[in-house]
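A.B. asks: One letter stands for each residue in the lines below.
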Amino acid sequence: MKMSEHKRLHPISIFFDVIKIMKDALLPFALILFSSLLQGKFGNLIWLAIAIPAVIGLSIGWGVLSWLRYHYTIEEGVLKVERGVLIRKKQYIAQSRIQTIDVVEGLFQRLFGVVKLQVQTAGGQKPEAIMSAVSRADAEYLRRRLLEKANEQLGENESAAEEDTNEMKSIVDVEELFLRLTEGRLLIKAITSGSIGVMASFLAAGYTQIGNFFGDDHILNLFTDWLFDVPVFLTILGVLIVSWVLSIGGTVLKYYGFSIQLSGEKLHISRGLLERRQVAIPVTRIQAIRIVESPLRQAFGWISVYVESAGYGKGKGESTLLFPLLKKSELHDFTANLIPQFQIDYTLNRLPRRAWRKYLVQHTTVALLIAAPFCYFAPLGLLALLLVPLSIAWGYLKYKESGWDWIESSRMLIMRSRLIERTIVYIPKKRIQYYELSQSPFQRQSDLATIVATVASNGQTGSSFKVKHIAGEDCSYLLKVLRNKANL
Amino acid sequence: MGSVPSRRLDDRAPKVWRVGGIVHSGLICLIAIGLTVLTKIFDLPWYLPAIALAIAVMYSVFFVILYPKLRWRRWRYDIHEHEIELMYGILFVTRTIIPMVRVQHVDTMQGPLLRHYGLATITFSTAAGNHEIPALAVDTADRARERIAELARVSREDV
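So the sequences go chain by chain: A and B. Going by my numbering, the residue at position 59 of the first sequence is 59; the numbering climbs one at a time, nothing skipped. Going by my numbering, the residue at position 117 of the second sequence is 117; the numbering climbs one at a time, nothing skipped.
No wet-lab data here; the hints were simulated from the structure. Take these hints with a grain of salt, some might be off.
[Stated by the list, open to error] In silico EDC-like links for lysine to aspartate or glutamate, alpha-carbon gap of 16 Å or less:
| no. | chain 1 | residue 1 | chain 2 | residue 2 |
| --- | --- | --- | --- | --- |
| 1 | A | Lys-430 | B | Glu-157 |
| 2 | A | Lys-485 | B | Glu-146 |
| 3 | A | Lys-429 | A | Glu-408 |
| 4 | A | Lys-485 | B | Glu-85 |
[Claimed, not checked] Have a look at the derived ranges for each label pair, beta carbon to beta carbon:
| no. | chain 1 | residue 1 | chain 2 | residue 2 | range |
| --- | --- | --- | --- | --- | --- |
| 5 | B | Asp-139 | A | Gln-445 | 38 to 48 Å |
| 6 | B | Ile-90 | A | Leu-387 | 57 to 67 Å |
| 7 | B | Asp-11 | A | Gly-250 | 55 to 65 Å |
| 8 | A | Asn-484 | B | Gly-89 | 47 to 57 Å |
| 9 | A | Leu-179 | B | Arg-7 | 48 to 58 Å |
| 10 | A | Leu-387 | B | Lys-15 | 42 to 52 Å |
| 11 | B | Ile-90 | A | Val-245 | 49 to 59 Å |
| 12 | B | Arg-143 | A | Asn-484 | 26 to 36 Å |
| 13 | B | Leu-91 | A | Asn-484 | 54 to 64 Å |
| 14 | A | Lys-90 | B | Leu-70 | 30 to 40 Å |
| 15 | A | Ser-476 | B | Arg-12 | 28 to 38 Å |
| 16 | A | Asn-484 | B | Ile-90 | 28 to 38 Å |
[Said to hold, decoys possible] Pulled a few chain A residues facing chain B out of the computed Cβ check, cut under 7 Å:
| no. | residue |
| --- | --- |
| 17 | Ser-294 |
| 18 | Ser-438 |
| 19 | Ala-456 |
A quick note: this is a predicted structure, and the numbers were derived from the prediction, not measured. Note that CB positions come from ideal geometry on N, CA and C, so glycine has one too.
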């Protein structure tokens, strides 16, 4: 193999190291400078004049040393990284344990035509290995070598022949399945992401019109005057609009040029305007699929598709996004092409009628508790009672849209629920790490239970999905199918 | 929700939990007494220590008298060939089922308190977190640990 000799990072990593150390040292220096200027003591400045070059010199030395110390190689299916100046570390990561490899191109990296690689396994400290600067060619080579036979452990001599056939296959696949987020959709995604802020500002704008509507001395007008003293109102509106625009900008930067493609056994996702990020997720490591519909997007039939994969977690946020925005009608083709093991059609088993009472009681109580202090203290606070019907309507949606399904042929558990967003999660039975039935005293009374299924994702604790208030007999059925040994 | 698991924790479990309860209610009571002293010194309103003492008393009653008994009464477990089943919780009752194939490793452990009473806790892990069966007699715990380890190994070879 070409790769048996030890390789180093791109020398530009020295520069990155220096920058990083200087950045860390900047704050204490700035503090010293600031305090000595304040006190008018310039003795400290002389000290700084010595310290700054010293730190620069040391950080360059440190950068060079760590660059010299950093070696990596792939031997017999193991990625071996040796690094460290004072504390020397040898990391051996078995290829079969590697979950994902991220390629990140930050601004600095792009400037010098290199990329950053992050290698992750399930569990442990994340990411396991960081290579701050490797040339594109090396990155591509590493990625291919490490992910190609992620599920096989082959000796050196066998792998050469194997590699050729895999290469052929992946070239064909690359052409076939490629999906890109269009600019139009990116914009829709961005505009609808801060949906609560948007709604709030529209709502507030609506309030100001109430005055005109009712005439000058109408009692409601007094209320709006009290609530929206003009300068206060304008400030709030301004803040909302600015934060909305910022969130649009952020979303555009993050998801610009989002594309996903299936090649070999991996899903390759790449995204970002300033910082390009490429993620490869082995299809076999996907634990569950999540379809999320926020209220605003649901109204227009838009959905987002997420993936739960071991090696990634919610803490890492967007890396679990499989596609930012799809038409509901496109979902079927999307999954059939990219993740065919997930059948997305289901028939929802809804909650029993008696579950509605639980939501009704809960949502009425909470709304009343929130409204009560307003009613007592605020002028015209009785208007806060409007919260009650709103909250009940929300509870009704939760009740109406929650449910579950079990698909025998693909042995898949499907759970649908709503908090604010409606979430549908698809979990193959063999991915469920453990599951739970739980009952509160009230649920026990009416023979209802909450079901929770947990998959390996999100680091040590896993990700849990639940549906509340499922009928007792349905729970027994689910327990039966989930416990059935044949379904393992 | 069907039949409940059959095995209970060791009879001595409530006693151990009670001793644990006495220790941390003792701490809470000390804080409440300290507050009473402070009130005397700084001449604060009388109801502050009263509230603190009431909380301390309720806490102690719950964790020394009620909780150990109730918790023990609810706790059940079973180790089947293909899964481990746990049931626990006083108001909110949870039944957890862990398929044997998902068990990654299993340990028994004892704190000083458990050791004094000859008890041990079994902990086992999956790729999505740990679970435990608390307070079993040491030999029961050891046997259960061996059994889980064996079953987990076998079921993995099956798949």
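A.B. asks: Now tell me, hint by hint, if it's right for this structure.
C.D. replies: Results of checking the hints against the structure:
In summary, the hint linking Lys-430 (chain A) to Glu-157 (chain B) is supported, as the alpha carbons are separated by about 15 Å, within the 16 Å threshold. Taken as a hint, the Lys-485 (chain A) and Glu-146 (chain B) pair is broken in the structure, with Cα atoms around 22 Å apart against an allowance of 16 Å. Proposed proximity of Lys-429 (chain A) and Glu-408 (chain A) is supported: the alpha carbons are some 10 Å apart, at most 16 Å. Of the pairs offered as hints, the one joining Lys-485 (chain A) and Glu-85 (chain B) holds, with about 14 Å between alpha carbons and a cut-off of 16 Å not exceeded.
A beta carbon spacing of about 41 Å between Asp-139 (chain B) and Gln-445 (chain A) agrees with the range 38 to 48 Å that was offered as a hint. Restraint check, Ile-90 (chain B) to Leu-387 (chain A): a C-beta distance of roughly 33 Å breaks the suggested window 57 to 67 Å. For the hinted restraint 55 to 65 Å between Asp-11 (chain B) and Gly-250 (chain A), the CB-CB distance of approximately 59 Å keeps it satisfied. The hinted range of 47 to 57 Å is not satisfied by Asn-484 (chain A) and Gly-89 (chain B), whose Cβ atoms lie roughly 26 Å apart.
Look at Leu-179 (chain A) against Arg-7 (chain B): about 52 Å separates their beta carbons, and that is inside 48 to 58 Å. For Leu-387 (chain A) paired with Lys-15 (chain B), a C-beta distance near 49 Å keeps the hint of 42 to 52 Å intact. Taking the beta carbon of each, Ile-90 (chain B) and Val-245 (chain A) are about 50 Å apart, inside 49 to 59 Å as hinted. A hinted range of 26 to 36 Å holds for the C-beta pair Arg-143 (chain B) and Asn-484 (chain A), which are about 27 Å apart.
Take Leu-91 (chain B) and Asn-484 (chain A): their Cβ atoms lie about 31 Å apart, and the range 54 to 64 Å is violated. Distance hint check: the CB atoms of Lys-90 (chain A) and Leu-70 (chain B) are about 52 Å apart, inconsistent with the given range 30 to 40 Å. The given range of 28 to 38 Å is respected by Ser-476 (chain A) and Arg-12 (chain B), whose C-beta atoms sit roughly 34 Å from each other. At about 31 Å, the CB distance of Asn-484 (chain A) to Ile-90 (chain B) agrees with the hint of 28 to 38 Å.
With a cut of 7 Å, the hint placing Ser-294 (chain A) at the interface with chain B is violated, because the nearest CB-to-CB distance is about 27 Å. At about 4 Å, the closest approach between the beta carbon of Ser-438 (chain A) and any beta carbon in chain B falls short of 7 Å, and the interface hint on this residue holds. Below 7 Å, beta-carbon pairs count as interface contacts, and Ala-456 (chain A) has one with chain B at about 4 Å; its hint therefore holds.
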